[in-house]
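Turn these sequences into a full structure, and let the hints steer you where they fit.
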Amino acid sequence: ETGVTQTPRHLVMGMTNKKSLKCEQHLGHNAMYWYKQSAKKPLELMFVYNFKEQTENNSVPSRFSPECPNSSHLFLHLHTLQPEDSALYLCASRLGQIDYGYTFGSGTRLTVV
Amino acid sequence: AQSVSQHNHHVILSEAASLELGCNYSYGGTVNLFWYVQYPGQHLQLLLKYFSGDPLVKGIKGFEAEFIKSKFSFNLRKPSVQWSDTAEYFCAVTPTTDSWGKLQFGAGTQVVVTP
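Chains E and U supply the protein sequences, listed in that same order. Residue numbers for the first sequence, in the working numbering: 1 to 113. Residue numbers for the second sequence, in the working numbering: 1 to 115.
Since no wrong hints were added, every one of them can be taken at face value.
When the alpha-carbon atoms are kept at most 35 angstroms apart in a straight line, the in silico DSBU-like pairs for lysine-lysine are as follows: (1) U:K49 with E:K40; (2) E:K22 with U:K49; (3) E:K40 with U:K78; (4) E:K41 with E:K22; (5) E:K18 with E:K41; (6) U:K69 with U:K58; (7) E:K22 with U:K61; (8) E:K40 with E:K18; (9) E:K41 with U:K78; (10) U:K102 with E:K18; (11) U:K71 with U:K49.
Hints listed in this document are in silico derivations from the structure and should not be mistaken for laboratory results.
Listed below in structure tokens is the structure:
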């Protein structure tokens, strides 16, 4: 375990479904991130939360909706996804400016059918 | 905006061979540089990082990387690989001015080490 826990590990959903991905860390980190990892492509930064405040939204479609209720939890709400949204979704956290290294979760493998 | 280019998408080599993975970035200012590794079925882990100082940095598991500022490069090396080094390797960059260190990743290099 990395200290960053993502659930579920695998998710298959239809294009009309609504689901949520969850990320949880108890490392005392105060920045949390969602990345999308697709085959043969660079990891794509989706959202950044700093002290529960969203500081970045990299032109992500509105069918992805993040939520950060506190500094330990991060959600990614999904609705009406497309097959091209199938990917590995990674959560990461970081302790402010002291250490730029991320701690990554193991990811949620999402398949949209 | 910065970008990161990893030259090889797939590398196959034998145990005890030397490994060098190329990474170039494009950005006009100063950067912090990272190499991450993802072993099969596992999470991304930090191998090493460069912030400042000695451009030759040593990381875990015998890996090292050299920052050549004039070439905008941060190549990863290991003198003698093992089967357990089979993994995907990612180079990442963040501007030093980005206080929250949003990382720009390369596409990754899949390394397969054969016995």
